[in-house]
Amino acid sequence: MSDLIVILIPVFPLLAVLINGLLGHRYSPELAGRIALGSVGLSFLCALTVFSSIVSSGTAREVIAYSWFFGGDLHVNLGFLIDPLTAIMLMVVTGVGFLIHVYSVGYMHGEEGFTRFFVYMNLFMVSMLLLVMGNNFLVLFIGWEGVGLCSYLLIGYYFNKVSAAKAATKAFVVNRIGDAGFLVAIFLVFVNFKTLDYTKVFANVGQLSTEMATAIALCLLVGAIGKSAQLPLYTWLPDAMEGPTPVSALIHAATMVTAGVYMVVRTHVLFDMAPIAMVTVGVIGGATALFAATIGLVQTDIKRVLAYSTVSQLGYMFLACGVGAYVAAIFHLVTHAFFKALLFLSAGSVIHALGGEQDLRKMGGLRRKIPVTFKVFFVGTLAIAGIPPLAGFWSKDEIMAHAFMNHEYGFYALAAIGALLTSFYMFRLTFLIFFGESRVDPDVEKHIHESPSNMTVPLVILAGLSVLGGFIGVPPEHGWLHGFLAGVATPVGAVPHEVSAGTLLGLMGVAIGIAVAGLGLAYYLYIVRPQTADEWAERSPAVYTTLLNKYYVDEIYDMIFVEFFKKVGRAWDWFDQNVIDRVIRGIGHAADSSGAGITWIEKHVIYSGLNVVGYANHLLAWSWRKLQTGLVNHYAAVIVVGLFILVHFVLLWVTGKSVL
Amino acid sequence: MIYLLFGYFATVSILAGVFTIALKNPVHCGLSLLTLLMHVAGLFVMLNAEFLAAVQIIVYAGAILILYLFVLMLLNLKTEEQFLHKKYPFFLFAGVAILGELLILIFQTPYGGIKGKATSEVLLNVGPSHAIGITMFSDYLLLFEIVGVFLLGAVIGAIVLAKTPSTSESTGDGPTEVLKS
Amino acid sequence: MIPLSAYVALSAILFITGLLGVLIRRNFIIVLMSVEIMLNAANINLVAFSHYLDSMAGQMSALFVIAIAAGEAAVGLAIIIVVFRGKMATNVDQINLLKW
Amino acid sequence: MGSYALLTVLFAPFLGSVVLLFIPNRAALMVRMVAAASAGLSLLASLYVFMAYDPTIGGFQFITHWPWSEELGIAFYIGVDGIGAPLVFASSILLFAGIFISWHIKDRTKEFYIFLLILAAATIGVFMSLDLFFLYFFYEMSVLPMYLLLGVWGSHTKGYLGMSDPEGVKLRDSVGFIFNFGSNSKEYAAMKLTLFLSAGAVFALMGILLIYHFSPVHTFDILVLREQAHFDGTLAYIIWILIFFGFASIAPIWPLHSWSPVGHAAAPAATSMLHAGVLMKLGHFSIIRVAFEILPETTRELMWIPAILCVFSIIYGGFVAYHAKDTKYVIGYSSSSHMGYIFLGMAALDYISLTGAVIYMFAHAMATGMLFAMAGWVYDQTHSRDIPSLGGLAQKMPFVAGAFVIACMASVGMPGTVNFIAEIMIIVGAWEKYPFQVVVAVLGIVLTLAYLFKMMRGLFYGKLAPEYAHVSDTRQWVDRLPLLIMISTSIFFGIFPMHFYEIVRSTVVPMLDRINQVAPVVAQHSTGLVP
Amino acid sequence: MLEELQFGFPILSMLLFLPFVGALILWPLKDVDLLKKSALGIVVLELVVSVLLLVRFVPESAAMQFSERLTWFPALGISYHLAVDGISILFVGLTAFLMVLIVLYSWDSVHENVKPYFMSILALETTIIGIFVSIDLILFFVFWELMLLPSYFLIKLWGVGEERQYAALKFVLYTLLGSVFMLVGFALLSLNYHQVTNAYSFDLLELLKVPIPVSDQILIFWLIFMGLAFKAPVFPFHTWLPDALVQGPIAMSVVLAGVKLGTYGFLRFSFPLLPEASKDPTVVLIVMILGLVAIVYGAIIAIIQADFRRLLVFSSISHLGFVVIGLFALNFQGIQGSLLLMINLGFTTAGLFFLAGFLYERLGSTMVDDAGGVAAKMPLLATFLLIIGMAFIGLPGTSGFIGEFLVLLGVFQAHWLYGAIAVTGVIFAAVYFLWFYERAIFGPLGTKLPQVLNDLTQRETIIAVSLCVMIFWFGLYPSPFLNMINGSIKEVVERLDKGSVASIQLDKRLAMDRVFDNRTVKD
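Chains as they are written, first to last, in the numbering used here: chain F, 1 to 660; chain B, 1 to 181; chain U, 1 to 100; chain C, 1 to 531; chain A, 1 to 523.
These are computed hints drawn from the structure, not numbers from a lab.
There's no promise every hint is true.
Said to hold, decoys possible - Taking CB as the label site, the calculated pair distances span:
#1 B:ILE159 - F:VAL641: 33 to 43 Å
#2 C:SER488 - A:LEU453: 34 to 44 Å
#3 F:GLY38 - A:PHE17: 25 to 35 Å
#4 B:LYS86 - U:MET1: 43 to 53 Å
#5 F:LEU619 - C:SER488: 45 to 55 Å
What the hints assert, rightly or not - With a straight-line cut-off of 20 Å between C-alpha atoms, the simulated PhoX-like cross-links for lysine-lysine are:
#6 F:LYS166 - F:LYS566
#7 B:LYS115 - B:LYS24
#8 F:LYS626 - B:LYS86
#9 F:LYS626 - B:LYS78
#10 A:LYS490 - C:LYS396
#11 A:LYS30 - A:LYS115
#12 F:LYS194 - A:LYS490
#13 B:LYS78 - U:LYS87
#14 A:LYS448 - F:LYS161
#15 F:LYS626 - F:LYS566
#16 A:LYS377 - F:LYS161
#17 C:LYS396 - A:LYS30
#18 A:LYS37 - A:LYS115
#19 C:LYS325 - C:LYS433
#20 F:LYS603 - C:LYS396
Claimed, not checked - If you want the footprint, here are the derived chain A segments under chain F, 3+ residues with CB under 8 Å:
#21 300-310
#22 400-413
For every residue, glycine included, the Cβ atom is placed at its ideal position computed from N, Cα and C.
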């Protein structure tokens, strides 16, 4: 395994992005599809090489592509860390990704913007690969934001639909909230470690105080919650179903949404140091698992049911992380990727068959019309419901067992109830789609057809994986996967607890019982007495409406955040224009009016003051000019009198006494 | 005798002066002035100024007064009913008051000063005309010349002023316009 | 011997008389005549002092006064003629061109 | 050679006005050419003087000394120092430009040019007089032609025709009304200006006579007086106050300024230029020449007076200019505002700031000369100075509009013009003594920009009123030449200020040393200069 | 920072006066087409020269390079002193680059008074380049002020809004108001120099050699701050910006929003000259608060704007808050980040304004209500808007990220609370940009859209593509540029740490030598 192969893994899709993105309008969509597919395939092959080498050698290695940016004590490389965790993720991402690409070529056939779709998909692959391969937090973050962007683009693929556009925005913004938390975590890591490389950070983690570790872990958790659609930031994921179905399968089921889990597992060293954070992770995971499952019970949109199911399953993974069962989390991640991708793709096949219909109430009895799809969907349902020996059983059971054995009985209870609900709504879904009376529109019914082979083949492969994938983790706690991941996903300081095989088998039995109970309940409600569900709904309308409206969380968020910030924005806009600008303009106005005042002074004090002098002079002259009669004798008289007075004065001066 | 003469000349002069300013008819005034001039000449004689008395008679009575009378007749002035200003009593009062004060002043004041050489005896020897001639053409020669020029100027000025204006220049300030302003 | 004061007093009386003429008479020509009276009063004074101080200067001055009186009469009368020609008036209160 | 150059500067305009007496008004071109030739001769000579002034020697140069009255101690004694030389240069530039600005005057051209030449020559005379008597003589001589220039060739202000006095009689001459700010007759302006300046001159004369009377040597010779006359106590204060306020009234310092905007508004363009450009600097110059030279200690003690008043000048003039609606009022008040900067520079008694003040005198002469020239052109074309009624003229007169922008920039003190150099020197120099005033001054720059741009916008941009459709730009070289001369001078010295600076500094430094008594420099810097 | 490297050829002068001479060359031209081509030729030549400058720039050096020095006014120590160092070099390139785009942009969008327009643009380029290459404070001030003139006329004569007259005057007055205070500050610096050395100087390199008392520093700091803050504009002084940018022509918006003159001034003058004042806790606190308020305030106001250009204005204010807090984090990352963020904003804000201009030309408005769903009609425009917008809001991989990241990192190192508040700006940035994008570009076709709606022309595509290239270059492989700037930033940070008095000890001998050389004034 050379460095080049590692680097090539993300480079192939990137090349496809560039080729299709820049030149895609020059050639046919088919070619674009082939390029995209080929790139992912090549990438998969490379990943396979890497995987095999890791399996054989078992050692982690770092590959530095180039120095990205640097300055002061910060130095960030664009580098990759290839260790077992990455290898597993690589396989999931490229493998499932490749299958979904294959499927998409068929599914998206003839859509407007086919090329664009594959550009986005490939870009997603690039980002996702960076995410899982990065050797430091920032490369992870590139991928992290990159998948967010692609998610945005692909949700908004049908951009002319208002709901799609809104969903896209929502997805990105909610993710961004998580990202902000993640960024803070990165800063804290850098502040404490002066580096962002995993290896260095994890090597020096011992110097960290518990408080700081908790802070970092919680901030990381915020990021993970946003990306993995956990409470309270899950709302974007159901809306994200506006995107094309392969997108839902790839991004919103198999890969991107599990990035949070990946990240928690990747940084578990930090989490291990912070018990509070661990409990928080577990609580959030468990709560989400249950919460989303309850909503999933009553949804009528096929993809939304699956979406809530995804949220719920992600909750399981978080729960697993919360109890320190990182391997179990990854295990569930892998199996979930298989069966959830399967479910989504086959749901896509259903939708494809029905010409775009997604409402469960307009389906039913499709079992015979689209048999392949039915079969694979049923396999998927069994897998997720936890029917042994399918993949979901093993992983889910391991999580529950872990919770039980760690004496986290609360988590166990949450998981158990969640499992029951999962089983129930999944079978409800299956029954509503494939069994019972057909409720399909007559017009649509005529055109129902099985999907083409390039769609069904991946389905079948995925179904196979869903069936067999669980065996990588068998037997529980000691499967191949556990051994493989032992180096990277073992909790720090965890004491391997030995439990009796009896307990394990008992727990398995409980799990099977739960799954079967869910199946039976669904069977009763939707096959045996289809009207019962409605009766129940009528009996407690409040509960039903609440569930149907997803606990009104979207509305509450709208009210608290969206409308709030809009109001704040308007208020501040007003403030800006009317207060700040006025204040600063007010200075101008003050200058202006003091200018007016000073002009007034100029006019009425200085100017008119001078004019008053002049005018007084004028008026005085005007009155005294009467003296100037122009008559000679008057002048003469004045002269005489004046002369006389003058003489008097002179005499007074000379003689010193008055003349008279 | 000499007091009698002085009394006569003085009294007549004063009376003639008063008549000059008090008579209504300008011609009568002129004649009164003539009387005054004659009697002043008499006073000059009493003061050993025979030459001056002669000049007084010839120039004043002979030339100037004739000029006045000539103008009076030329203008053909009629006697006006109101020959004094409206408010003449004020002036009269002021004049009389000043006169009174002057007289008081005059009679209070002793006169004296540096005596010159031209005593009565000297004048009687050489004759006043001779003395005047000597003085005028020695000490006062420049003044004399200036007076000559002055008189020439006055003559020219009088001619220019009294000349009939040519038609081209008469369009300026006519009497009506002047009056309006 | 007649005291000097008598001449001076006479001169003063004549002077005031002439002055009053100037002040109270409306006729321009009479005003000029009054001026002549004043000049004569001055002359009397000059000559009297000349006599009493044994100096020829007074007489000389009187002589020049007479000359100036002649000039004054000539010019003054010429002005009167001009004014009369323009305004048909010889009364001083009709002629107030000197007014501002 | 040098002293002949200086004499040429002074007497070429006089000679020109004498020659003009013998040229009939019918030969209008001849009249103009003679005026231009004499002004040009003066300009060339002054350029020579300016360039040939040797800053390494300093002191007074190009001296001519003809005794006139030995008994009274009066002599025709001229020469320039580093302060006089640039101002002489500025005067002759403005005179030369003014001749061309007035090129289109039709009414009594000859007389106009005669008075203009006398005005400028007298101004130049003040700047080079080394004898108090002749200083005062030229000073008065420069005031009087203003009366005629305003009264005969001036223009009335908008709105005055509607005025009548309390008795209903039309009364637009000489005195006017109490509240007739902004609407005056040219006669009023002329009378106000003349009375004001004469009154100021009388005070100054009293001061000069007191100096003469109480000095040990009975002479009017400034150079002798500054070394031998010594005044102290109340007498010195009285003399200084008389001299200062007498001359400051022409400067004009607040609150003695009110004649100047009126005068500018009424005056024809060339007169306004000379008036605002150099005539007002007579005040500063004379204060420097008389008070700084002869009464150094008192100057040091009393220079806080202008330091306080200059604040009012700057702010007050600026604000009124901002509110004025008449182009020439705006420029006029702007000038009186900018005079505050010069007083600030003088008041600080720092060689940088005083040098800055002198450079500012020159700079302001150029800038304000341009502004008045263009306001005059606009007035000639539109017969209006009312800013609100004008507008959009840039379409019709792009050259003038462009030049106007440059003039505005120069007036604001935009870098690249000599005004900027002067401003920064004043700011740098005056900060230590008068920081508050400096802040006011820099805010005044903003204010300047505000009102000048406001006026520029009002005149040249916006909608063109239909009645001004016929107006035209400057087309002939005679119209453009003066603007170009002033612009290029302003920019040239803005970019190459060194020679200028050296000249001014060579005079300012010893003067301030005397005032601040750093060293007894008097003898060093004045020996060998008295012939 | 004190050492200077000469370059045989006066390349900076050439760079400085090339556009000005170009403007003069345009004067006699009559033919509009030729005129445009000549203008383009000149700005391209300028770009070539500036690229040459970048190539010949010695990286990892704190020295003042390509130094040219001519005595201008020795009495006050004013000299024609040009040089670039790591702080300014990128701005020079950015300006030359943007000007090419502006000329390209204006090719068809300016119809009347074409010649004066291009002459103004070229004159503007000279003044902006002058601001960046001046080492002498007065020379800097000269260009700083001269810039107002073409700006004023560009806004006034070629503005698109109704209120452009008002906006132009407001812009000029605001800037002048600030800059006169700055002038006083410069004068005080020179006076301080005078007190120490008995000579005046406005040369940055000279002024750096004398210590300044801390109390004086704080006064001078605030005076200079006024000038820079008004131009930048920092939060409470920003209200001219909406008017100028919305009413003015796109070219002017690009320059005013894209070329961060004000914050450059902090880095160029305030920090090296006034390290103690810049470190003063009160000063830092006040400036930080202003910056943080600007971030949140600008972003939240931007959210609700219905006009794209107004949105951009407020987002610029918000981003400028980032730049300011990054600078006043006073550590390497913060300063480096601010510098990079300024450059990034040069690309992104400018790019967005260009795109707003394209929209404006097509829709006759940049209001959201008048747009809607234009992505369907104009995919290229939508794509570029997205790319540049993403760079604008700091998506990793684009130029926006590195700057923003480093700024936040630096601020975090200064105090975590500042960083925590600033991070919200990142969220709001996404909100306002994407919400706008959703409403205007996505969604169903707007009802008010004109019938004919052409996508970007070739010329417009060139503008957008070249911006995108720069964005990704800076985002993915910034090393060459970082090498250029790091040396100078290190020097600045060291100076900030050590303080002016410490550095004077270091360079005392050198300083005194220069001082004695400079004593032209005293004899």
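Open item on the list: Let me make sure I understand: some of the numbered hints might not hold for this structure. Which ones are they, in numerical order?
Closed with: Hints 2, 3, 7, 9, 10, 15, 19 and 20 not satisfied by this model.
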